[in-house]
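Residue numbers (my numbering), protein chains in the order written: chain A, 1 to 330; chain U, 1001 to 1328.
Since the hints were made in silico from the structure, they are not lab data.
Just so you know, these numbers come straight off a predicted model, no measurement behind them.
One should not assume that every hint holds.
Okay, derived cross-link-like pairs now, DSSO-like style, lysine-lysine, Cα gap no bigger than 27 Å in a straight line [stated by the list, open to error]:
(1) Lys1279(U) to Lys1039(U)
(2) Lys1309(U) to Lys1142(U)
(3) Lys1309(U) to Lys310(A)
(4) Lys310(A) to Lys1039(U)
(5) Lys1279(U) to Lys1249(U)
(6) Lys310(A) to Lys1253(U)
(7) Lys1309(U) to Lys183(A)
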Amino acid sequence: MSTQRELTYLEAVRECMSQEMRVNEDVFIMGEDIGLYGGAFGVTRGMIEEFGNERVRNTPISEAAIAGAAVGAAMTGMRPIVELQFSDFITIATDQIVNQAAKNRYMFGGKGKVPLVLRTPSGSGTGAAAQHSQSLEAWMAHIPGLKVIQPSTGYDAKGLLKAAIDDDNPVIFYEHKLLYRTKGYVPEEPYSLPIGKADIKRQGTDVTIVATAIMVHKALQAAVELEKEGISVEIIDPRTLVPLDIETIIESVKKTGRVVVVHEAVKRGGFGGEIASLIAESEAFDYLDAPIKRLGGKSVPIPYNPVLEKAAIPQERDIIQAVKETVFRR
Amino acid sequence: MITNVNVPPMITEKKLVELFHQMWLIRFFDEKVDEFFAKGLIHGTTHLCVGQEASASGAIAVLEERDKITSTHRGHGHCIAKGAETNRMMAELFGRVTGYCRGKGGSMHIADVEKGNLGANGIVGGGIPIAVGSALTSQMKKLGYVTLCFFGDGASNEGSFHEAINMAAIWNLPVVFICENNQYGMSGPVKEMVKVANIADRAAAYGIPGQVVDGNDIFAMMNVTHEAVERARRGEGPTLVEAKTYRWKGHSKSDAKKYRTREEEMDWRSNRDPIERMKRVLISEGMLSEQEAERLEAEAKKEIEDAVKFAEESPMPPIEILEEDVYA
Ligand SMILES: Cc1ncc(C[n+]2csc(CCOP(=O)(O)OP(=O)(O)O)c2C)c(N)n1
């Protein structure tokens, strides 16, 4: 074994794209300010130097055209990776993603494929306020024909991005802005993680927390605190919402008998509702010792003021409290 | 009466002096914001319009109070020119409850609807259709007001720009589209992002007039906008005005500005500073003395310092307001 090399999440994403572009001529990236500027968050920094402006294609500010051009390129033999500068701008690209990319193959009777990846930073915590801080993954998860990935670590991001690039379907790849600078072990050689396989981020016996993206990290911190009080927490990160590895979640709930689902996106209509329903519909229902608990963002646009911004989404203490309410319920 | 400089009829000598002062306000406001940003006292993100004072002040100067504007992510100048109070703006950037949005909006979302400012916008091109809707109201209710719509060269590549201008054109709506072409959309040079020589040339595709203007010349800005506003008020429909200008600072924080040269920046700063240019005209026409100019500059600086004090002394919003105002 080589030494455990550490990389930031952002570097892991970049390394994956570079490695894939080196071995596959069909792979290219496209987006606003991804050239010299290196992307709004620096993910593509240095890539134009290696691959040139043909394959690191700086676009005008035209989200609908970027997404649509990716669909067209994907249909005709390329494997585009789109960087959409902020996931909020998916609203502008929606026709191409929802009505074109996702429907195309099915409508045409199974002919053709649309192998594109749309990477996009989401989530709050940067003070960018209501139009640059949303978590809209449940929107995309609702659409048949799209795969939706939400990695919480650089290791997962690198492996899942490779899988997404290799996939013949349109994949929406959400990267949480606050995770970009987080560090962790990432192997140097290319590797692929299966789309649709959850990861158990922590083993435990008293309660299962199902958490996504940055909430995985908040849940891990909460678990350390809860451990001190004798509560053993198991944490499952689905990593991919579509397809969803519900089996791993069900197995965990059968073991612990209690579950808290937590995500940053607004709770109402959020993906947590889907996970809770799937648990309730499964054989795990008979093992439940307490009602399923959901934690999510408040039903408000993300405010600018940092105190309000924090209060809009679940924090570590909210997770601790929710777990206690679940565990101490008779 | 002004004789030697060519200005629209409603622009008095007094108004010119006010505009000179206003441009300083805009400059000092954004320079202060820059300073506080660097110190970490303002969080989030912010986009400064230093160097673009004349396009904001000149265009809005020819409006009547009832007229409306839509603004952009680079909107502090538009906001000040449309009559916003700098202390409430600064308080907003500090996230304080006394700010225009009670600390919920920040730099990109300041609106002052009472003064006819329908809002800044964090979505590039997002305000363009809204301006068209505002003009539609004016036409349908025969209110006679005109809407000025600000956006950047980058925004002119969004679908919303093309769709909205076409609609305004076919319906002859009272709206004036002002493209502030500051040469870059974030890191994208306009020359690489637009194939036509002028964005105003695109007006032909919609059957409306297109006008290129030196956006750093406040007098030219006033004249061209005035003509377009009058045309709109007469019911003859929209005009696309392209103001050629330059943003002195980076796109936003942490911009290494690798996409442009230091020489280019220095050229715009030292040879085409809109405030300096206006000052020279006012002085040579005897409307202003050097001393008065300095006094106005100092006054503006003082107002911004007071705005900072107001912002710093203002309370943070109480947590209860988090869930207020989601619905009316
Ligand atoms: C729909 C959308 N796409 C991208 C962005 C990110 N972004 C913010 S400002 C900007 C550049 C806009 O350029 P331009 O319209 O020329 O205005 P300028 O910044 O030059 O004033 C970009 C790409 C955004 N906020 N909204």
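Verification of the hints:
Taking the CA atoms of Lys1279(U) and Lys1039(U), the gap is near 32 Å; set against the 27 Å cutoff, the hint is violated. Proximity of Lys1309(U) to Lys1142(U) is assessed by CA-CA distance (about 43 Å); at most 27 Å being required, the pair is judged violated. Between Lys1309(U) and Lys310(A) the alpha-carbon distance is near 26 Å, which keeps this suggested pair within the 27 Å criterion. With a CA separation close to 22 Å, the supplied pair Lys310(A) and Lys1039(U) stays within the 27 Å bound.
In summary, the hint linking Lys1279(U) to Lys1249(U) is supported, as the alpha carbons are separated by about 22 Å, within the 27 Å threshold. Between Lys310(A) and Lys1253(U) the CA atoms are separated by roughly 22 Å; this keeps the pair inside 27 Å, and the hint holds. Proximity of Lys1309(U) to Lys183(A) is assessed by CA-CA distance (about 40 Å); at most 27 Å being required, the pair is judged violated.
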